[in-house]
Amino acid sequence: MRDDGGMHAHSGPEAAEIRPSHPHRRVTSFRSRRSSLSDSQQATWNRLWPEIGTVARPAEPGGHYPALDTDAWFGRSAPLVLEVGCGTGISTLAMARDEPDLDVIAVEVYKKGLAQLLGAIDRTAATDAPVTNIRLIRGDGIDVLQHLIPSGALTGVRVFFPDPWPKARHHKRRLLQPQTLDLIVDRLRPGGVLHAATDHADYAEQITEVGAGEPRLRRVTDEAEFAGLPISVRRPTTKYEAKAAEVGSPINEFIWVRL
2 MRDDGGMHAH SGPEAAEIRP SHPHRRVTSF RSRRSSLSDS QQATWNRLWP EIGTVARPAE
62 PGGHYPALDT DAWFGRSAPL VLEVGCGTGI STLAMARDEP DLDVIAVEVY KKGLAQLLGA
122 IDRTAATDAP VTNIRLIRGD GIDVLQHLIP SGALTGVRVF FPDPWPKARH HKRRLLQPQT
182 LDLIVDRLRP GGVLHAATDH ADYAEQITEV GAGEPRLRRV TDEAEFAGLP ISVRRPTTKY
242 EAKAAEVGSP INEFIWVRL
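Take 2 as the starting number for the sequence shown in the numbering used here and just add one per residue.
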C-alpha cells in the first residue's frame with residue numbers, strides 16, 4: 002500500500018534489523034545483517050519505495066497488522082505469487098517479466114537486496130517492456146504469511162535457496178519446517194504451486210521428508226506437467242547457483258501442487 006494507505010513505508014526505523022513482531026520471541030530463519038545503501042540506491046529507494054514497497058509490522062507494537070489490499074496496491078486483480086527471501090531479486094525480476102499476467106510480492110529481510118531489486122525494476126522503465134507487476138515487502142516471510150496473506154489467496158509460493166543453517170543445532174531455524182509448510186499450503190488456492198530449490202544436500206533431504214508428510218500437496222516431477230501449471234517453474238541461473246554448480250553442489254528442485 003502507499004504511504005497514505007493502511008500499510009506504511011518507513012525511512013527511519015525500518016533501516017534497522019527487522020525482527021518478528023510477536024509477543025513471545027520465536028526462532029527466525031534469517032541472520033542479523035546490516036549494510037548501507039549507496040547514494041544512488043538511496044535516491045531510488047526514496048523515490049520508488051512509497052509506491053511499490055512496504056514493511057511488515059503491526060500498526061502499533063503488539064497490535065494487529067494493517068490489511069494488505071493487493072488489488073489496490075497493484076491496481077488490478079490478478080493471480081498472486083509470493084516469493085519468500087528474494088535476495089537481490091534476479092529471479093524475481095526475470096520471472097515477473099516473463100509472466101506479466103501474474104502479480105508478484107517479493108519478501109526480503111535485508112534492505113540492500115531490496116534496493117538492488119528496486120534499481121533493476123527502475124531500469125526497466127526506460128525500456129520497451131517496463132516491469133510493473135512486482136511489489137516488495139521488507140520483513141520476515143512468516144510474518145507476511147501469517148498476518149498479511151489470507152487463506153487461499155496465493156496462486157504460487159517461491160522459496161529459492163533459503164539459508165540451510167548447516168549446523169545441526171541450527172536446523173530449527175530452517176524455513177521449510179512442517180509448521181511453515183502447513184501455513185504455506187493454507188495460503189495456496191487449490192491447484193496453486195509451491196516451488197522451492199536448494200543446493201544443500203542435507204536440507205534437500207529434510208525438505209523431501211517435510212513435503213512427503215503434507216497430504217494436501219502432490220509433488221510434480223514430470224516435466225511434461227510443467228506447462229499446465231498456473232505459474233512458471235523455469236528459473237534463471239543466478240551467480241549463487243552457478244558457484245554452487247562449480248563446486249559440485251547439485252541443485253534440488255521441489256515443485257508441489259496444492260490438492
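No lab work stands behind these hints: they were computed from the structure. Worth double-checking, as some hints may not be accurate.
List time: in silico DSSO-like cross-link candidates among lysine-lysine, alpha-carbon distance up to 27 Å [to be verified]:
| # | residue 1 | residue 2 |
| --- | --- | --- |
| 1 | K168 | K244 |
| 2 | K240 | K168 |
| 3 | K240 | K113 |
Hint check results:
1. K168 x K244: 21 Å, holds
2. K240 x K168: The given pair, whose Cα atoms are some 24 Å apart, holds under the 27 Å limit.
3. K240 x K113: 17 Å, holds
Of the hints listed earlier, there is not a single one the structure fails to meet.
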